[in-house]
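Chemist: Protein chains in written order, with numbering that gives the first Met the number 0: chain A, 0 to 106; chain B, 0 to 416.
For the record, the hints were derived by calculation from the structure and aren't laboratory data. Quick caveat: nothing in here was measured; it's all calculated off a predicted structure. Idealized CB from N, CA, C, for every residue including glycine. There's no promise every hint is true.
[Said to hold, decoys possible] Distance condition first, Cα-Cα at most 25 Å in a straight line; then the derived SDA-like pairs of lysine to any residue:
(1) Lys159(B) x Pro63(A)
(2) Lys161(B) x Glu101(A)
(3) Lys157(B) x Ile74(B)
(4) Lys161(B) x Arg103(A)
(5) Lys69(B) x Asp32(B)
(6) Lys79(B) x Pro58(B)
(7) Lys159(B) x Leu86(A)
(8) Lys94(A) x Pro176(B)
(9) Lys159(B) x Leu71(A)
[Stated by the list, open to error] The following label-pair restraints were derived from C-beta to C-beta distances:
(10) Asn26(A) x Asp351(B): 50 to 56 Å
(11) Asn26(A) x Ala116(B): 20 to 26 Å
(12) Asn191(B) x Leu65(A): 36 to 42 Å
(13) Arg28(A) x Glu339(B): 52 to 58 Å
(14) Ile71(B) x Leu7(A): 41 to 47 Å
[Stated by the list, open to error] To list a few chain B residues with every Cβ distance to chain A over 12 Å, as calculated:
(15) His114
(16) Val165
(17) Arg404
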Amino acid sequence: MQYLFSVLHDSPSFGTDAEMAAIDVFNDRLQTEGHWVFAGGLGQPDTATVIDNRGEETVITDGPYLESKEYLAGFWIIEAPDLDVALALATEGSKACNRRVEVRPIL
Amino acid sequence: MTATHVQQALTRAHHDEWARVVATLTRRFGDLDLAEEAAAEAFATAVEHWPADGVPPNPGAWLTTTANRKAIDRIRREHKRDGKQKEAQMSFGTPPEPPGPVDDDRLRLIFTCCHPALATETRVALTLRMVGGLTVAEIARAFLVQESTMGQRITRAKTKIKAARVPYRVPSAADLPARVPGVLAVLFLIYNEGYLATGPDTDPVRHDLTAEAIRLTRLLRDLLPQDGEVAGLLALMLLTEARSAARLSPDGELIALGEQDRTAWDQAQIAEGHRLVRERLATGEAPGRYQLLAAINAVHTSAPTVADTDWSQVLALYDQLARLDRSRIVALNRAIAVAELDGPQAALALVDALADDLTTYHAYHATRADLLRRLGRGQQSRTAYDRSIALAGNTAEAAHLTRRRDQLARPDEAVAE
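Just chain A, same shape as in the assembly:
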């Protein structure tokens, strides 16, 4: 079963060198233990572009879909047999990136 770990952040700063180093260690562990699927850090929300092609005409909007104080700074997709394993990994992930992490199942 796969879970999405969303890294939540609320200020326009990127990770520090120490945080990046800790994330590397955590990523290595995810790979060694077979939990790794994919991960990435995201650009700031103001680098986002929203496309809406539901109607007749394509609408392109500059900026994020949601304006909020907190935003998605990065994510992991991990493989785990159940929520207990996922939560234990997210606990370490939160420590490594020094941010809050939301855990959601991928259906």
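With chain A held as given, fit chain B onto it using these hints.
Modeler: Chain B only, in chain A's frame:
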């Protein structure tokens, strides 16, 4: 077989077998929702058939078999409706985990219902439904919310457990110490809500909830007999429950511990509570929070009259508790013991130091009011009683505080004090 006899058998079967049936089916089918529905159907079938056919020789086996059949019927019906059923049904719990420290399906059920990924109020509701077998309507009434709201809360929890794959297992021996306190907290919340029920139109004591909490804690104790805090919580509940008959006056007013008729205390519950406390003492292990609270209650229930209370023992236990639990409420209760040993002036200084944190807590003002009264500071005592009455959510407690306040000397007489 009389109708009463059948009714008693049904009630007993519901008490003894509900959790077991739900737990067994959850393991077999990997689906809490299905297990709950099938168990409910099996009990409804029993209500229908037992009066005519008689109570089966092994009601538990009968109920499990019937519920199993109901679950399979349900899966077949759903299978006909949409072809893609198998995957979802087997999403958790199977294949069975190797046996943990304790191999019992009911214990798996309790730990799943009290999983830390669920909100506390959700854990309480889910535990009462799945383990306790209370109906959604009963749980809604107990917590003064709409039945539809409670129904949604429970449904949402079941959906989350399934979608996020909350495991159906007893935590490993390594994780158990971190997980048992969460289960005990849920059981203690259920007990306290019964013991000090809140709400203007609620009975001041809800024996259905206190009895249910004790029953579930007994079950946990049977399943985890070596756990000191489980024993401590059971002893605490029993020693508190033992005094419940003496705790309310005929007109629904709370009677303080010192004024209770001790002959009305339940001696069987006291004996059982004391036995548990002694058993824990004999292990020589450092006691946790519930064991200390139980020991404090054991001191109170050992005293034939309030004057015989060994307050230095009570204070020593509170000192020990305060080292484990730095909460202001523990400090407040400790101050009450100090008042008995060193007098109200010493206690008032301790209580006043808690003002910042406890200003919205009715017992803080009630304790101050009592200390001020004993110090002859009538006017200040009256003000403190007023605050505590305004904040008290329990009707019997408010009545008790009001009588105490009204017994104070009138303001004009108080000047002479």
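Chemist: Work down the list of hints and note, for each, if the structure agrees.
Modeler: Structure-based check of all given hints:
1. Lys159(B) x Pro63(A): Judged against 25 Å, a Cα distance of about 29 Å means the pair is violated.
2. Lys161(B) x Glu101(A): Satisfied, since the Cα-Cα distance of roughly 18 Å is no more than 25 Å.
3. Lys157(B) x Ile74(B): holds, 17 Å
4. Lys161(B) x Arg103(A): holds, 12 Å
5. Lys69(B) x Asp32(B): The given pair, whose Cα atoms are some 13 Å apart, holds under the 25 Å limit.
6. Lys79(B) x Pro58(B): violated, 32 Å
7. Lys159(B) x Leu86(A): With Cα atoms ~14 Å apart, Lys159(B) and Leu86(A) stay inside 25 Å; holds.
8. Lys94(A) x Pro176(B): Holds, at roughly 22 Å.
9. Lys159(B) x Leu71(A): Given that 25 Å is the threshold and the Cα spacing comes to 22 Å, the pair holds.
10. Asn26(A) x Asp351(B): 50 to 56 Å: holds, 54 Å
11. Asn26(A) x Ala116(B): 20 to 26 Å: holds, 24 Å
12. Asn191(B) x Leu65(A): 36 to 42 Å: Holds, at about 40 Å.
13. Arg28(A) x Glu339(B): 52 to 58 Å: For Glu339(B) against Arg28(A), whose Cβ atoms are near 56 Å apart, the range 52 to 58 Å holds.
14. Ile71(B) x Leu7(A): 41 to 47 Å: The hint (41 to 47 Å, Cβ to Cβ) holds, given that Ile71(B) and Leu7(A) are roughly 44 Å apart.
15. His114: Not fine: 8 Å to the nearest Cβ puts His114(B) too close to chain A.
16. Val165: Label violated. Min Cβ-Cβ 5 Å, cutoff 12 Å.
17. Arg404: holds, 47 Å
Violated hints, listed in ascending order, are 1, 6, 15 and 16; each of the other numbered hints is respected by the structure.
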